[in-house]
Each structure stands twice: as structure tokens, then as C-alpha cells.
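*Asks:* Once you have looked at the hints, place chain V on chain Y.
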Amino acid sequence: MASGAQTGEPEAKRPEPQSNLVTAAYEHPWAIRFTHWLNAAAVFVLAASGLRIFSAFPSFGAKIPERDLINIPKALTLGGWLGGALQWHFTFMWLFAGSGLLYIAYQLLSGHHKTVLFMPRDVKGVWPMTRHYFLFGPKPALTEQYNALQKLAYTATVLCGMASLLTGIVLYKPVQFSWLAWPMGGYHLARLWHFVAMCGFLAFIPGHLIMVVLHGWSNFASMLTGWKRDPEYLARRSAE
Amino acid sequence: MCFTSSGDSRTVLASIEEKKLKRLSRRELLKLAPVVALGAFAVTRWQDPLLGRGVRLSDWASGLLFRRQHRAKTFSAADVVPFEKFPYNGYDDLDPGVDLENWTLTVAGNVRHPGEYTLAQIQALPKIRQNTRHVCVEGWDVIGSFGGARISDFLALVGADTSSRFVTVECADDYYESLDMATALHPQSLLCYEMYGKPLDRGHGAPLRLSLPTKLGYKSAKYLTKLSVTSVLGAERGYWEDQGYSWYAGL
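So the protein sequences, as listed, match chains Y and V. Heads up: the first sequence runs through residues 1 to 240, numbered per the numbering used here. Heads up: the second sequence runs through residues 1 to 251, numbered per the numbering used here.
Isolated chain Y (complex conformation):
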């Protein structure tokens, strides 16, 4: 700066503003990205093989008389037959549980959960955000990394994942974990809750994918590389 003043050279002699300079934020640490993709693969396998397992007895009632509720197209399922589907399920349940526990442990130990866990104070922010997303209402002023609706979705999905795991444990080991079956209304009902928890988890995915598409490549890439180029909230901060 001083040299420019000494020589009295005009603007033209200054170095060109480097066009290859960008701003970036490290949004998603490795633990989050790793567990995200591990979990995505596990959920896909568990849901598809689970539907095949359900097809062996597509009912929540008695065996006699058996009243089938649904005929699940084979194309949506994985494993080919009950035994094959169980193999997928019994293999990927470990990845699902492992990735879930690692995710929760990381969030809690790093303190990152404070940015994403839905708390009572977030309740008031849900409706304005819902109005913005679904009814083209005005965009509420954002003060945090995740808005109230995002927090609600992420938190509810993690709870559905925990419910899937716990009901799954009861279905897998109803004798060894009979104490866990009791609050679920018994072994028989646990199968229904396992199905409901899966539906809850899957309900998150379409909305999630739509938001990923709407937010563009840089946002998507950050779940792969961790780095997000020119994040929108940085512009906001420099204006502050």
C-alpha cells in the first residue's frame, strides 16, 4: 500500500484483483460426511430388504386367518427371497447402528448438536419457515446455520432412526431384550412400530433431496468434500 503512495502510480499499476480467489467454509467435518453416506447406503439396503422380509407375511395381525395388507412389487425389494433379504438386513443393520451411534457421539462431543438439535425455543420458527417453503410466504430472517424446520426434520429423523434400531433389537432378540419389548406394547406390536419408524425415516428423504437440488451443486459438494464455496451466510456476515 505504501509503495503505491510513494510512486504515485495510478490505479492501473496495482495488481489485478485475482479472479481465482474464492471464499470457502469447512461446513461438514469428516465424521458427519462419513456417517451421512454410510447411513444413506444402509437405509437404502435396510428399507429394500425390509420390504422383502415384510412380504413374507405382509400383515400385522394373526397368522390364522391371515389378512395380507399390501403386495409389495418385487422391484422395490432387495434380496430375492426371505432368506436373502434377511442376510442383507443382518449385515447392514451393523452399519446403520454403527453410523448412527458415531454420528450422535460426534455431535454431542463436538458440541455441534447445538446447531441442529430441535429445542423448545425453535417451535416459534417452524410456522414462518413452513409458510415460506410451502406457501411462498416471505423468507424469515436467518440467524443460525440451520432454520427451525431443518432442525425439526433432522431431529425427527434421528429419533426415527433410534426407534428403528430399538424396535429392530426387540424383533431380533425378543427373549434377551424382553424388557425393551414391554414399553413397545410387546413383541407383536414392535413389528408395527419398526415399520412406522421406517416410514418416518423415509418421509425425510424426498424433502431432503428436493432441498439439495434447490440449493445447488456447491451445497451438495460440501457433503462430499466438507468445503462449501461462497456460502450465502458469509455475504450476510460481511454486510453486518
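Fair warning: there could be bad hints in the mix.
Here chain V is said to cover these stretches of chain Y; the calculated rule only asks that three of the stretch's residues, wherever they fall, bring their Cβ under 8 angstroms from a Cβ of chain V [what the hints assert, rightly or not]:
(1) 27-35
(2) 160-168
Mimicking BS3-like on lysine-lysine, the simulated pairs with C-alpha atoms at most 25 angstroms apart in a straight line are [what the hints assert, rightly or not]:
(3) V:K73 x Y:K173
(4) V:K226 x Y:K63
(5) Y:K139 x Y:K124
(6) V:K198 x V:K73
Hint data in this document are derived by calculation from the structure and do not stem from the laboratory. Note that this is a predicted model, so its numbers are computed, not measured. Glycine residues also receive a C-beta, built at the ideal position from the N, C-alpha and C atoms.
*Replies:* Leaving out everything else, chain V in the frame of chain Y:
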């Protein structure tokens, strides 16, 4: 320039060279390589070995969880489904034509008294009656009433070496099964000759079947003809297991 944004722990780099960012990004992307390894499951010829390993891991963990003193829940008579609502479930023939008059159970393997045992000898052992849940791998379950002798009592009668690892059975309908010794010795594991207070009918496995409340239903073989005590399992571990079901199948 590097600073941390307020409110959370994100690192923010203002004015970083694009090339540098690409290098950083590539390095981070590579750290996800372990996830890509899951692609091995998409390779047809690796699928079976990998899934086999997954099932073996699950069976191993299931064995660790098993506790002899953990009893399967028993139910009052009011919770038992009526006899006609207890499914006849067989993989093939519901009546393999067992000669009930001349039936004997052949006992072999690591036992002091191998040979043929009659139903009367088994019925002379202390009789256990229990209302337990029969859980099918397909996803349905029924609470039924079962009566019979403890497998552990029968193993004592035949002088079995219970430090052996397995009990295997063969059946009149060519079904076959094998059990870990810990489950065979479980106090609720029965050589079952009665259901609902009556002798087993042909559809339920007359004259003798297994009733194992701590295992999935397919382990409870019917129409028993032979029981062996062994520490070595051959290629034939169980009819369904040999086609891909879990061998341990513990509840």
C-alpha cells in the same frame, strides 16, 4: 486469511485460491474412500461371501447375548391361541407317514448309551408344560401350549458329553437341524410330545418334535428320528440354514 465464524465451529477461509481449495477438497473427498468400499456389495461374486460374513457376525453376537437364565416369557392359558389357530407349518409334507407304533429315536455321537429310545422312555422323564411364543422367521408369532421332556434331562439319560458343541437332529420328512449346546441345555428347550395337552398330531410332528422358545420356529424340527451329540458340524447344518437362513436364529 482464516477465521472461525461465531456461534459454531466452522472454519471459514476468506480469499483462498481456487486451486488451493480444490486441493483441500480432493484430500477431504479421498477420506470418504471407506464408504466406496461398500460398492463391493454390488459385485455379484463378492455378494454371497460378504453377506455370509455379515450373518456370521450377527450369529456370533447373538451367541454372546444368550444367557441360560434368560427365560422366554410364559403365558397364561387365556393368552394361548386356540388349537385351530396354531398354524401347521411344514416345508414339505405334513404327514411323512411315521409308523407311530414302532417309532424309536436313534441316539448317537458323544453319548455313553447310544441306541434306540422309545417314546415311553422319554415320557418317563419329568414332564414340562409351558405356554410359550412360537416366532416364525416370516414375521408371525403364535402363543401355544407345549408339553414334553427337557432336552437337558434326556441328554443326562443318554449320558451325553455336554461339553460337546452341538446337538443335531434328523427327521422323518428329511428335514434336519443343529443346535448349539447352550440352547439345548436351556431349561425351556423341550423334546415335545404334546401340544394343548394332547399327543402331537401328525401335522405338528408326531410323535416327537423340538420346542425351542429361545429360537426361531424353523429350529424346532418335527418328526424326529435321530439325535446326535457332536462337536463337529458337517456341510449339512440345517435344512433352511443351508439355503441361507441364520444358523443361530436365537431370539
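*Asks:* Now tell me if each hint is right for this structure.
*Replies:* Taking the hints in turn, this is what the structure says about them:
Interface restraint, the segment 27-35 of chain Y with chain V: holds (4 residues with C-beta to C-beta distance below 8 angstroms; minimum three). Evaluation of the coverage hint for the segment 160-168 of chain Y: breached, as 0 residues show C-beta separations to chain V shorter than 8 angstroms, against a requirement of three. For the hint linking K73 of chain V to K173 of chain Y, the alpha-carbon distance of about 12 angstroms falls within 25 angstroms, and the restraint holds. For the given pair, K226 of chain V sits about 30 angstroms from K63 of chain Y by alpha-carbon distance, which is inconsistent with the 25 angstroms threshold.
At roughly 15 angstroms between alpha-carbon atoms, K139 of chain Y and K124 of chain Y fall within 25 angstroms of each other, so this suggested pair holds. For the hint linking K198 of chain V to K73 of chain V, the alpha-carbon distance of about 22 angstroms falls within 25 angstroms, and the restraint holds.
In this structure, the earlier hints numbered 2, 4 are contradicted, and the remaining ones agree with it.
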